[in-house]
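Line by line, the protein sequences are chains Z and W.
FYI, the numbering for the first sequence is 1 to 308, going by the working numbering.
FYI, the numbering for the second sequence is 309 to 648, going by the working numbering.
Derived by calculation from the structure, the hints in this document are not laboratory data.
Here the structure is a predicted model, which is why all the values come from computation and not from measurement.
Some hints could be false.
Stated by the list, open to error - Computed footprint of chain Z on chain W, listed as stretches where at least three residues anywhere in the stretch have a Cβ under 8 Å from a Cβ of chain Z:
id, region
1, 394-405
2, 600-611
Unchecked claim - Within a straight-line C-alpha distance of at most 27 Å, the following computed DSS-like cross-link-like pairs (lysine-lysine) qualify:
id, chain 1, residue 1, chain 2, residue 2
3, Z, K95, Z, K113
4, W, K345, Z, K284
5, Z, K152, Z, K69
6, Z, K240, W, K610
7, Z, K203, Z, K282
8, Z, K199, Z, K61
9, W, K610, W, K558
10, Z, K284, W, K413
11, W, K640, W, K502
12, Z, K61, Z, K284
13, W, K421, Z, K282
14, Z, K199, Z, K284
15, W, K413, Z, K282
16, Z, K61, Z, K240
17, W, K502, W, K559
18, W, K559, W, K506
19, W, K345, W, K502
20, W, K413, Z, K61
Unchecked claim - A short list of chain W residues far from chain Z (calculated; beta carbon distances all over 10 Å):
id, residue
21, L315
22, I458
23, G494
24, I593
25, L621
26, F637
Beta carbons are placed, not taken as given, at the ideal position from N, Cα and C, and that holds for glycine.
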Amino acid sequence: MQTPAGSHIVQTPLGPRAEITSFWEMVFNPSSMDRLCHVLLGCWLTGAFFVISVAAYYLLKQRHIQIAKSMMTIGLSFAMLSLVLQLISGDSSAKVVARHQPAKLAALEGVYKTAPNTPISVFGWVDAKNETVHSLKIPGALSFLTYGNAAKPVPGLDQVPRDEWPNVALTFQTYHIMVAMWSFMFLIALLGIYYGFKKTLEKRRWLLWTMVFSVLLPHIAQQCGWACAEVGRQPWIVYKLLRTSEGVSTSIVAGQVIGSITMFVVIYCLLFALFIFLLDRKIKHGPDEAFPEYDDQLYRDITKTMPS
Amino acid sequence: MIDVQSLWYFVIGAAMISYTILDGFDLGVGALHLFAKTDEQRRIFLNSIGPVWDGNEVWIVIVMGGVFAGFPNAYATVFSGFYTLLMFLIAALIFRAVAIEFRSKNESIFWRKLWDIVFSFASILVAFVLGLILGNMVEGIPLDHRQDYIGDFTDLLGPYPVMIGFTSCALFAMHGAIYLAMKTDGQAHEIVRKWINKAIGVFIFFYFVSTIGTLKYMPHMVERMLERPYLFLFPLLALAAIFSIVYQVKKNNSGWAFIFSSISIALLVILFGLGTYPVIVQSTINPDQNSLTIYNAASSEKTLQILLLIVALGLPLVFAYGAWVYRIFRGKVRLEKSSY
C-alpha cells in the first residue's frame, strides 16, 4: 500500500486490477522490513516501559522490593537497547520515505519550499494558509540525515502537484510528537541507568513517579507514528496507484461508516476503562510470594534498622 | 484435471468445516451458559472451552482470509454488502472474547452476572449471524452488473436466512451440549445430560423445517444431485449421522456422540457446497450474468498457486498445535486457582 511492488496492472472486464508478478518482491517491498522492525521495536519499548512503570510503583510503595529491583534493571537495560535500535530503525525508515514518498517526507518536516540546507524542526506549528512553519530549526539537518550532505536540498511540497499533498499540519505534529516521545523515553532511561549505577534511584522519588507515568509514552509514540505514516501517504490508498477517494465501496453509505466508527470508539473506550481497572487491581495485588526469602516485611524491618 | 480455483474453493471449504465443528461447540457452550445456575457450574463450563476457544476462532480468520486472497471480488461484494451485519458480528465477537477473559477476574456477583449475560447473548448472536450470512448466500442477494450489492440491511433479513440462522443456533447448542457432556463429570455432567435431549429435539425440528424450506424454495440447491443421483448419498449420510447422535447419547457415549455431531456438521457444510458450487454468491438479479463464481471472482492463477503452497506448508502447523493444545487439556475439567 505504501510502496507497492511485485505486481502489475491488468485490464479486466470490470476495470483495471493489480496482479502479482513476484511473491518475494511483494513481501520484501522497499519499506516492509523497515516498517516491521520499527513496529516491533515499538512493541519492545511498550513492554520495557510497562515493566519500568510497575517496578517504579513498587519501589515508591516499598512493596516487593527485591522483585521490583530486578524488574527495574531488566526494564531499563531493555528500554535503552530498544531506544538505540529504534533510533537506527527510524533513520533507516526516514531514508526509505525520502526515496519512495518524497511528498510525505516534505510534510513530516513541513518543507514547503525546496531550498539548500533543508532544516529539521525541533518543535513548532504549521501555518497551512501561508504555507510556512514557525519552529525552532536546526539548519541543514534534514539534508544531512537524508543525503549525508548538509547543503543538498530536500525536495519540498512545491515539487508535488497541489492535489497530491497530504494534510501537512497533522502529519507534521504527529511525527514530531512521536520523536518527542522518543526523546523523553531516552532521557528517563538515561537518568534511570545513571542513578541505578549510583544506587540512589530509590531516593529520586520524582524520577520514580515520572517512570510510573512513562508507560504512556510508547503508546502515544505508536499512535502518533501510525497516524503520520497513514496521513502522510494521503491522498493515496495504494501509493501513486489508487486514490483513497476512488477506493471507497459503492455499496455502503456514509451513515454505515459513521455508525461503525462510533461503535468501535464506544467499545474501545469501554474496554480501555475495564482494562485499566483490572490491570490496576492486578498490579496492586502484585506477584504471589513464591520465594520466602523475598519477604518484604522482613526486608523493610532490616532496612529500617540500618543507618541511612 | 481439477483447476486451481476449485482447489482453493475446497481449501476454504475444509477450513469452513473445521471452523463450524470447532468454534461450533464453544459457541454452543456460550449459548447454553445461562441455563447453568450456580457460579461453580458456569466456571466449569467456561473452563471446558477456556484453553481452546480462541484457537478455534482462528479458522474463521482462515476462511475470511482465504476468500480475501483467493476470491477478492466475492470478498469485496460480501463484506461491503453485509457491512452492517458484519459490524454486529464483530461487536459480538469482541464482547464474547472479553466476557470470557474478564468474567472470573472479579468476585462481585453483579460483575459476573453481567459478563455471563454478555457471553451468552454474544455467542447466540455470532451463531445466528453466521447462519444468516449462509442463508443469504444460498438464497442469493441482489447484485448489479458490476457484481456490487444493491440491496440494504433489511433485505438480508428474509425468512429463509432467518430460518437458517435459528438452525445454526440450534445446531451449535446441541454440539456444545454434547461437548460439555464429554468434558464434565459428577453433578455438572448430570445437568448437561438433561440439556442434550432437549437440544437434539430443537435441532431436529429446525433441521427438518429448513430442509423442507430448501427443497421447496431453493430448487437450485438440489439441481446437481438430481443430475447425479449418487450424490444423494450425502444427505442420507447426514441423516444417518444425526440419528447416530441420538443413539450414542441414549447409550451415554458422549465421545462418540461428539464425533457424530462433528460429522453431521461437516456433511451439512458439504451439502451447502454441493448445492452452490461453483457459485460463491448467488445474484437474485440476472443470476447467470451477475452471480459471483469461483472463476469470475478469483485472483490470478499465480496468486492461487502461491496460496496453495502457503496452505500446504502452514496448515499442518495449525493442525499440529491445535492437536497439541487439545492433548494438553484433555480429560474432564477441574477448577484451579488460575482457571477462568
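Okay, the hints, checked on the actual structure:
| no. | hint | result |
| --- | --- | --- |
| 1 | 394-405 | holds (count 4) |
| 2 | 600-611 | holds (count 4) |
| 3 | Z:K95 to Z:K113 | 19 Å, holds |
| 4 | W:K345 to Z:K284 | 32 Å, violated |
| 5 | Z:K152 to Z:K69 | 49 Å, violated |
| 6 | Z:K240 to W:K610 | 24 Å, holds |
| 7 | Z:K203 to Z:K282 | 25 Å, holds |
| 8 | Z:K199 to Z:K61 | 18 Å, holds |
| 9 | W:K610 to W:K558 | 52 Å, violated |
| 10 | Z:K284 to W:K413 | 14 Å, holds |
| 11 | W:K640 to W:K502 | 18 Å, holds |
| 12 | Z:K61 to Z:K284 | 10 Å, holds |
| 13 | W:K421 to Z:K282 | 21 Å, holds |
| 14 | Z:K199 to Z:K284 | 25 Å, holds |
| 15 | W:K413 to Z:K282 | 9 Å, holds |
| 16 | Z:K61 to Z:K240 | 55 Å, violated |
| 17 | W:K502 to W:K559 | 14 Å, holds |
| 18 | W:K559 to W:K506 | 16 Å, holds |
| 19 | W:K345 to W:K502 | 14 Å, holds |
| 20 | W:K413 to Z:K61 | 24 Å, holds |
| 21 | L315 | 17 Å, holds |
| 22 | I458 | 7 Å, violated |
| 23 | G494 | 29 Å, holds |
| 24 | I593 | 14 Å, holds |
| 25 | L621 | 13 Å, holds |
| 26 | F637 | 23 Å, holds |
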